[in-house]
Amino acid sequence: MAFLDIHQLQKSFGALRVVKDFTLGIDKGEFVSFLGPSGCGKTTVLRMVAGFETPTSGAIRIDGRDVTGLPANRRKIGMVFQAYALFPNLTVEENIGFGLKVAGEDKAAIRKRVGEMLELIGLSQLGGRYPFQLSGGQQQRVALARALAPRPQVLLLDEPLSALDAKIRVSLREEIRRIQRDLGITTIFVTHDQEEALSMSDRVVVMHQGVADQVGTPFEIYNRPATRFVAQFVGTLNLIDADLVDAAAGRIRLGGVPVALNRSLPGQTGKRISLALRPETVALGRKDEGNAVVLAGTITEVHFLGAVIRIRVAVEGGLVSLDTFNQPDRPPPSIGTPVEISVSHRDLLVLAA
Amino acid sequence: MTGKRLWSWLAVVLGGLYFLLPLAGMVDFSMRMKRGEYSFEAYRLVLADPQFQQTFGYSVGLALLTIVLGILIVVPTAYFVRLRFPGLRPIVEFITLLPLVIPPIVIVFGYIRIYNTSSILPLTGSWLGTNILLLFGYATLSLPYMYRSVDTGLRTIDIASLTEAAQSLGAGWARILTVVILPNVFVSVLSGAFLTFAIVIGEYVFAALLNVNSFGPYMVWMGGNRAYEPSALAVVAFAITWACMGLIQLFTRFSKFSTARR
Amino acid sequence: MTTSAVSLPAALRPRQILNWFGVAPFFIFATLFLILPTLNIVVGAFRNAQGEATLENLGKLLSPSIRSAFWISIELSLMTAVLGCLFGFLIAAAITLGGLPRPLRNAILTFSGVASNFAGVPLAFAFIATLGRLGFVTMLLRHWFGINLYGSGFNIVSFLGLALTYLYFQIPLMVLIITPALEGLRREWREAAESLGASGFQYWRMVALPVLWPSLLGTLALLFANAFGAVATAIALTGSSLSIAPIVLFAQIRGDVLNDPHLGYAIAFAMIVLTAVANGIYILLRMRAERWVK
Ligand SMILES: Nc1ncnc2c1ncn2[C@@H]1O[C@H](COP(=O)(O)OP(=O)(O)OP(=O)(O)O)[C@@H](O)[C@H]1O
Ligand SMILES: [Mg+2]
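Chains as they are written, first to last, in my numbering: chain V, 1057 to 1409; chain P, 925 to 1186; chain L, 158 to 451.
Honestly, the hints are just simulated from the structure, not real lab data.
Simulated pairs of lysine to any residue, SDA-like, Cα-Cα distance not exceeding 20 Å:
#1 K928(P) - L261(L)
#2 K928(P) - E340(L)
#3 K1076(V) - G1095(V)
#4 K928(P) - L243(L)
#5 K1076(V) - Q1064(V)
#6 K958(P) - D973(P)
#7 K928(P) - R344(L)
#8 K928(P) - L938(P)
#9 K958(P) - M296(L)
#10 K928(P) - G256(L)
#11 K1343(V) - S1400(V)
Please work from the sequences and hints to get the whole structure.
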């Protein structure tokens, strides 16, 4: 059984069902991200795990022990909040030592552990400062140290980086991941930033309207989205219309061209379906591999982004965005140019509704 | 959770009892003038009393004058301190808080000593002088409330830009203050004004020690000589206080509405 | 930019001199009607009738009757300040953290605004009508519960009666001041403390109370000064039968009792000192308590 086991969790606020049948197992030492749009229930699940919110039904087990009814202060869970939430009246050291002091550890032990934690977050010089004397990034590191100091079984982070500016966000997320690996602590990280989720996690849970739409490694989530929502929410996506000629045999008709994908597809034979394409899988011109669909179209937009040039091409059935690399000796194509684009068969994603 | 809510209800109910019983007592007592039945006899007597009419009218007039004086002193000060003398701010704030710290009776004692008949400025010697002294005394008492209200109001508007805009249109200081600044902090000024009104209307110590026959001393005199009328007076005073606070709330809400629309 | 670099110091430019006229009325007013009268008292307290410097006046404060008047005043002010803080805090906590319906909170805040300003003579009348010999509650207790309030030694014209009356404006004042402070306690602090293993009590002792401490102290000092200077309520309630410092001073100024103006100076001076000390202690403690906010 998983180390942290969330079983058929449900939560309603009055008539509003915020979390519907959420089930997830997390292994010891694993780093799992909850990714989803605002209001989908990420925080609510996290707060139920932490014990701040009582589930309407379902169970939460940590290390085989049912903690569903256990008050928050007996769960041994570390929590990091979006807005730091450091105690303003305590110094950095006192903040970090809070959990140990509350647990009644002796002074020497507290001092030693606080020193270790300060070293871990690289703020050994600032132990005597008050929170208001620290930058946002430093405060969040202290908050992390404070949560980790009492050696919790599980670490929960609720959008810990979203109050920080872009540069610090990247460096801090690498630091959080390093610390998490070093300590081997089981971690749930809530975010609505897909880049964060994909770059940091062992596994990503994509949440949508209170349910986990898909659980998988970042690679799986991105390349094999299970639902249309996941495909659209994670990364940029082109959707074009096609006809499903034979679902079982995997034959479709795309822009008048019959394509045999040779795998069974979801959906009903004879219906119109949506095909999803990642911009980076679409090539300008013909691909020199045999298994590619070639579509004719016209360039409608050109965005020069520096290293990458994003081009929009109108084809039959929709608009397709694609990315090409900048090449100093070749200027980007101009709008109105007729072009051909190609996609490998395996990159055509047929999504369940 | 439910335990917490239970305790909260308990606190509120006990508090409610303590705060509502005196009001009930006051109303009940004020209506028991006629034996065996409830009546408004005490109110009728009080309202018909020429002493009441005279002292009450006097106090209302004085309260209004205090408000005008307070505005004249506080608005320009708060404005210039914000705009031109931020360095003076701590001093001005300290001074405006003093009336909350120094007991009023001490202040009025000082007045009597400084402005008595044998001093260079013998204000207490004449009817007019005494009234002026009382007026300024009340302006002093209301200073903390007036200043805080106006200053809060000024904080919410960009006085620097407003002033520059008005100056670029050729307005002088007096015009800027009356036409541009005052209307913009009107609601805050009103809050201060109603508070001032509530404080001044029934004030006793200043009036009594300066020998002015205003509403406060009249009430005390009634308290010593009548049984039911004082309760009627208390009800009237409470209604005035309530009205002042209610109006403050009303105007503040109205201003929130109007700024939200802007 | 360049013009201002070569111009006169700010305070000497003609425009700035004009600006001084904007604040001058305030300073003249404050000097004449606030500062000079207070200074006059302070200086007068150290002078005798011939205008010579002396400590004699202050020495008179030590006479038993005046000492006891001050003592009762201090006790009364301290007690109503502490109780006002305590009960006000409980009510404020109930309406902010207690999960009560929102309209109730607003109603209580509005009422507090009214009650905190409902001091002085009318308040005394209300309490006489309620707890006086023939008062509403006195009668209620006698007829419904068979309790004889006055038979058991209670009297509204007493220390206890005065304290009960003062609380009527002290508690709401506390509610008004502490409610915003309580609302400033962030939910995350409590949750962070809980997830770190703290009990509710530990959270209050180690985080919430220290954070609230400056506001609590400030209100305590304010309530103390508030009660200490309240004369009208006391006079209207007790006549002058209860000898507290401001009533003694009142009688002194009126010339009713002792006829020694310099004793009046000394009493007034002592009152200033006491409220100043209360506020001084507050400022000192506040600076210590607020190390963590600059
Ligand atoms: N205490 C509450 N009472 C009522 N509704 C609530 C409560 N807490 C959350 N909700 C509702 O539950 C839904 C999910 O909220 P939640 O905070 O879990 O979203 P989230 O996924 O964390 O969103 P975000 O990315 O904006 O933080 C929202 O619609 C919210 O309005
Ligand atoms: Mg959230």
